[in-house]
Amino acid sequence: MSAMHPDRITAERLAGLAPGVASIQDAPTGDGTLIEDPAIRAPLVLNDRSIHDVTEIVCGYCEKPPPGKWWLPAFCVASTAAAVGVLMILYLIVTGIGTWGLNNQVGWAWDITNFVFWIGIGHAGTLISAILCLFKQKWRTAVNRSAEAMTIFAVMCAGIFPAIHVGRIWFIWMVFPIPNYNWIWPNFRSPLLWDVFAVSTYFTVSLLFWYMGMIPDFATLRDRADRRLRRGQSARVRLQAPGPVKFAVELPILADRIRALVYGLLAVGWRFSSRHWHRYENAYLILAGISTPLVLSVHSIVSFDFATSILPGWHTTIFPPYFVAGAIFGGFAMVLLLLIPARELYPNFKDLLTLRHLENMAKILLVTGMMVGFAYAMEFFIAWYGANEYELYAFINRATGPYWWAYWTMITCNVVSPQLFWSRAMRTNPVVIWIVALLVTIGMWFERFVIIVTSLHRAFLPGEWHMFFPTWVDILIFTGSLGIFVSMFMLFMRFLPQFPMAEVKAVMPQADPHGHHARHDGGGH
Amino acid sequence: MAISDYMPFLFRPPAPRFVTESGAPVHGVLAQFDDVAKVFHAAERMRDEGFTAWDVHSPFPIHGIEEAMGQRRTILPFIVGGAALTGVSGAMLMQWFMNGFDFRFVVQGKPDFAWEPFLMVTFELGVLFSAFAALFGMLALNGLPRWNHPLLASERFLSSSDDTFFIVVEATDPKFDPLATRRLLESLGASAIELVEET
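These protein sequence lines are chains X and D, in that order.
If you're matching positions, the first sequence starts at 1 in my numbering and goes up one per residue.
If you're matching positions, the second sequence starts at 526 in my numbering and goes up one per residue.
Accuracy of the hints is not assured; some may be wrong.
Stated by the list, open to error - Incomplete in silico selection of chain D near chain X, CB under 7 Å: (1) VAL581; (2) SER614; (3) MET617; (4) PHE628; (5) ASP637; (6) GLU641; (7) GLU649; (8) VAL652; (9) LEU653; (10) MET663; (11) LEU676; (12) SER679.
Unchecked claim - Coverage of chain X stretches by chain D, computed from C-beta distances (three or more under 8 Å per stretch; other residues unrestricted): (13) 80-93; (14) 126-140; (15) 289-302; (16) 393-399; (17) 441-451; (18) 502-512.
Please keep in mind that the hints were generated in silico from the structure rather than gathered at the bench.
Backbone N, C-alpha and C fix where the C-beta goes; we use that ideal spot for every residue, glycine too.
Work the whole structure out from these sequences, hints included.
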């Protein structure tokens, strides 16, 4: 048997190679977006959807009521909670903040807890739209519109609490840079005033960002309504009673006439010109660039409200990064909490919002949850290492004092529960993600409660120690803010485009001008 | 954008170069393309032919279309930069005036004016001014808001907001010629061509 030249052996072997068959472990699981091969990008839009399909899916839900009969009953529940909350706020204003469970020692409790909770939730929207935009994370297109909407509504809810907690709300104008009766200006060295500027700037910039992203989508909705009007395909506005009541009335006005007017006004005459798109993309990038430091600054400034005081438990330098990480953590949890049900309730949304998107957000929950866990541990370390007995007591009291249950709820929800996401099966299971997101949302509320109330309730003098017990006014105003948030989000889901159509289309393979139609990388180039 | 868009009474409109049978001035020629690659290559060709008053309309921003159209970079960043400087200097000036000059706050024996505690509000106002400049500057450079446009009268054009691409050559372009431009657009793969009147 003569030995073959090694080159020939290689050549023969190469000629005989058969295409490999993917093993079961290697095959993409779930909806096919969980590919791990770095050479292949996971598709961002599934089921071979055309560009026109994206328009139909997104606009379809703005023009017709959502499938099923859940929308109106759910909206009634949410708006009732909101209305009760508003009544309680009125009661609070006419009676005074004594209707809350506050006392001499605990002067901030659920009010500021709710404020920090909501403003923290508001951080995910700008993070997704700004920071992920700068990092060219194309998967953000599926979630950024809803996340930005959520930001706006969360910041609205957040704004209620500092305004009403001042007690005499008719003096709230003193926070603005105008002189008061005695020609005294506000004190710009106060972190509370920084907070006014930070939160109002954040709200305004988020609103501008959100609106600018929607201009092309409003124009699409306007054009669709306009076309139906020209073709005589419009129906009259029909008001129908919900549930078993058989009552319907038809108004003498075409629904598309209202749509063309309202969406048309909001679209400011956008006509999809490439010369306009160039400036638009430039403006979008600038907004993303300035929003990135903004989102980091806002929660840092919120944390200064506490960190610049001398109260043990508040007076720590770790607060700004710790608060920012916590805000992103809580915000992503809220995005998942809202989008996973939306994905189930609206058929076709799964084609735009894939398992890959959920997995990415679950990973962010895991990372930011660990950051928050590190901050919890570091606070204890510094309390011990700093050798200040008041500081050390504040932290021991947090974990073992009368509010131990709040502290350990926070640890369980925020640090322990996201650890499930180390397992791929867990972080690609929407039900598990939703439950963890719910736990994280609860945990983040408790985090703020722990920081505020456990630090205040046992400050320096034991003679002043008091427990805090919420009253029904506290509780109903909080549920009212939840109601306001959910009602606003449901209105958004009903009337505004939930996906940035232009951005989703731009990351589809069909949008690549150099013609890679067959390649399903979804990323263009 | 032109000031005449906002204040037409200040300007005498030039005589139209072309009018239709009914005497209405021609806005331009609208060519439909069904494919992003086709419209991209057509745009490159239009740029090379030397057209100036023309545009590509697409439902999403096409990657690299600026180069294909030979469009100059926008001056928007400079507008935003100016707004940011205004916001930052205005905020610092405001805080100096309010706390360091007009009513001197004595807080914990700190100096009347120091930049450090005033940095937060300064930063926030810089961001606020820039954001307004970015959105409204973008709209103003685009000549928006504008509530009507001759193109929107064409029903075919409305699908530019869905999945169709268009190239529009305006009649004011010196290279515009009704027959030659139409033939050029057809040769570039246009699937439909339409004449758009001024409204």
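Against the structure, the hints:
1. With a cut of 7 Å, the hint placing VAL581 of chain D at the interface with chain X holds, because the nearest CB-to-CB distance is about 4 Å.
2. The beta carbon of SER614 of chain D is not positioned within 7 Å of any beta carbon in chain X (closest approach about 15 Å), and the interface hint is therefore violated.
3. Hint status for MET617 of chain D relative to chain X: violated, with the closest Cβ pair at about 10 Å, above 7 Å.
4. Look at PHE628 of chain D: its Cβ gets to within about 5 Å of chain X, closer than 7 Å, so that hint holds up.
5. For ASP637 of chain D, the suggested interface contact is broken, since its CB lies about 10 Å from the closest CB of chain X, more than 7 Å.
6. The interface hint given for GLU641 of chain D is broken, as the beta carbon of that residue sits about 9 Å from the closest beta carbon of chain X, more than 7 Å.
7. At a threshold of 7 Å, the smallest CB-CB gap from GLU649 of chain D to chain X is about 4 Å, leaving the interface hint in force.
8. Hint status for VAL652 of chain D relative to chain X: holds, with the closest Cβ pair at about 5 Å, below 7 Å.
9. Annotation: interface hint on LEU653 of chain D holds; nearest CB of chain X at approximately 5 Å, less than 7 Å.
10. A least Cβ separation of about 4 Å between MET663 of chain D and chain X falls short of the 7 Å threshold, and the interface hint therefore holds.
11. Given hint, LEU676 of chain D at the interface with chain X, holds; its Cβ is 6 Å from that chain's nearest Cβ, closer than 7 Å.
12. Hint status for SER679 of chain D: violated, given a least beta-carbon distance of 11 Å to chain X, over 7 Å.
13. Against chain D, the stretch 80-93 of chain X contributes 0 residues with a C-beta closer than 8 Å to a partner C-beta. That does not satisfy the three-residue criterion, and the hint is violated.
14. Proximity of the stretch 126-140 of chain X to chain D, defined as three or more residues with a beta carbon under 8 Å from a beta carbon of that chain, is not established by the 0 residues found.
15. Coverage of the stretch 289-302 of chain X by chain D holds in this model, with 6 residues showing a Cβ closer than 8 Å to a Cβ of that chain against a need of three.
16. Look at the stretch 393-399 of chain X against chain D: 0 of its residues bring a Cβ nearer than 8 Å to a Cβ of that chain, fewer than three, so the hint is violated.
17. With 0 residues bearing a CB less than 8 Å from a CB of chain D, the stretch 441-451 of chain X misses the requirement of three and the coverage assertion fails.
18. Using a Cβ-Cβ cut-off of 8 Å, 7 residues of the stretch 502-512 of chain X lie near chain D, which meets the minimum of three, so the contact claim holds.
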